[in-house]
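Got chain R sorted already, so can you dock chain G onto it with the hints?
There are 2 protein chains.
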Amino acid sequence: MGNDRMKESAVAGEDAMNESTGLRTAETLLRLLPVALCVVALVIMLKDSQSNDFGSLSYSDIGAFRYLVHASGICAGYSILSAVVVAIPRPSTMSRAWTFFLLDQLLTYLILSAGAISTEVVYLAYKGDASITWSQTCGSFGGFCRKATASIAITFIVTLCYAVLSLISSYRLFSKYDAPVPCNNKGIEIPAFQT
Amino acid sequence: MGNDRMKESAVAGEDAMNESTGLRTAETLLRLLPVALCVVALVIMLKDSQSNDFGSLSYSDIGAFRYLVHASGICAGYSILSAVVVAIPRPSTMSRAWTFFLLDQLLTYLILSAGAISTEVVYLAYKGDASITWSQTCGSFGGFCRKATASIAITFIVTLCYAVLSLISSYRLFSKYDAPVPCNNKGIEIPAFQT
Chain R
1 MGNDRMKESA
11 VAGEDAMNES
21 TGLRTAETLL
31 RLLPVALCVV
41 ALVIMLKDSQ
51 SNDFGSLSYS
61 DIGAFRYLVH
71 ASGICAGYSI
81 LSAVVVAIPR
91 PSTMSRAWTF
101 FLLDQLLTYL
111 ILSAGAISTE
121 VVYLAYKGDA
131 SITWSQTCGS
141 FGGFCRKATA
151 SIAITFIVTL
161 CYAVLSLISS
171 YRLFSKYDAP
181 VPCNNKGIEI
191 PAFQT
Chain G
1 MGNDRMKESA
11 VAGEDAMNES
21 TGLRTAETLL
31 RLLPVALCVV
41 ALVIMLKDSQ
51 SNDFGSLSYS
61 DIGAFRYLVH
71 ASGICAGYSI
81 LSAVVVAIPR
91 PSTMSRAWTF
101 FLLDQLLTYL
111 ILSAGAISTE
121 VVYLAYKGDA
131 SITWSQTCGS
141 FGGFCRKATA
151 SIAITFIVTL
161 CYAVLSLISS
171 YRLFSKYDAP
181 VPCNNKGIEI
191 PAFQT
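Sequence lines, in order, name chains R and G.
With UniProt numbering, the residue at position 41 of the first sequence is 41, and numbering never jumps.
With UniProt numbering, the residue at position 195 of the second sequence is 195, and numbering never jumps.
One chain only, chain R, in its complex shape (with noise of 0.2 Å):
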């Protein structure tokens, strides 16, 4: 009876450790994949200017576009940064929990804050809007355009990632804590008077 009991219980640690260590790798895979993006979508930023008889254009021109390449980058600095503290194994700590769990949302709410206002920029620069007379800068700087939305594509990727890496970190976090009543699963008994 006892050996059987431990017998389970090994089983069942056995078991948890390997979700735990896939969970882990995981977790560590889908922090290095915003890295590659959010420098792919720097680069392309970086490199938008364009030339032509109608002036030229930049990307420091515009202060969306400033703000997604700052966004950009760290969100690749702090992806590295997590993917590596996730790599390692070792004990999960309440306070760890909670520092990725608050930095995740933060990233989530920067990246998609600077996908969105890009957004709305490109989609001025390409419709303009004849109320306030702002021109379809577009119609002469296509090409500048066409990189921009590349660059904002690529970050609503990011974002998917960090809603993906917030599920996460959320679930780290509060599995540590015990069920609100009535799904207390700890064991206790509770009163019928609770229901």
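Check each hint, because a few of them may be wrong.
Same chains, same names: a pair is fine if it fits in one copy or spans any two.
[Said to hold, decoys possible] SDA-like, lysine to any residue: derived pairs with alpha carbons at most 20 Å apart:
1) K147 <-> I157
2) K147 <-> G73
3) K127 <-> D61
4) K127 <-> L32
5) K176 <-> F54
6) K176 <-> P89
7) K47 <-> A83
In case anyone wonders, no lab produced these hints; they're calculated from the structure.
This structure is a prediction, so every number in the text was calculated from the model and none was measured.
Quick look at chain G alone, frame taken from chain R:
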């Protein structure tokens, strides 16, 4: 001994119930607050139009502001619906926890992006952009820009509420799962070779 254990479990259960009731009340209030804020942001934006010697300008002339109006409407509707669902005390199921988690995340992204792109438009309207010949519209339509700014500021308060709501719904969802190794809280004894 058995009596002590029963008492202990009853006290733990009562504590958990009080905590759960407190959390539910806080969550309900936090879901009702965005209803009021979204409606205010919506009304300010809907009434935002100005006519003068330079012409007339309405929120509906600008895509980003139309998006903000729609996002605020959706957010107000979802907030009131979810507040009602949360307020009714009943056992939380896994599918309900997942639905809240995913919808709260989605709403956070929706309302954040609405705030971000509208901020970009107002920023451009105030500052203009000489390199792409976009004029400083707010120079002629100051009142219009001030109202839009107020509406956007409220939208960012809603974003903050939703960031906290996302945290609560993550907690509700993931605290039902077991913790990853080595913080297994099911009481399984983890063999030494795992650490």
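Now the hints, each set against the structure:
Taking the closest pair of Cα atoms, K147 and I157 come within 20 Å of each other only inside a single copy of the chain (16 Å); across copies the shortest separation is 34 Å, beyond that limit. For the homomeric pair K147 and G73, the shortest alpha-carbon distance inside one copy (18 Å) is at most 20 Å, but the shortest distance between copies (34 Å) is not. Taking identical chains as interchangeable, the C-alpha atoms of K127 and D61 lie at most 20 Å apart whether they share a chain (19 Å) or sit on different chains (12 Å). When the C-alpha separation of K127 and L32 is checked against a cutoff of 20 Å, the pair qualifies neither within a copy, at 36 Å, nor between copies, at 38 Å.
Proximity of K176 to F54 under the C-alpha cut-off of 20 Å is found in neither arrangement, the shortest distances being 60 Å within a copy and 61 Å between copies. For the identical chains of this complex, K176 and P89 are intra-copy neighbours only, at 18 Å inside a copy versus 24 Å across copies, given an alpha-carbon limit of 20 Å. With identical chains, the CA atoms of K47 and A83 are never at most 20 Å apart, being 27 Å at best within one copy and 48 Å at best between copies.
In terms of the numbered hints stated before, the structure departs from hints 4, 5, 7, listed from lowest to highest.
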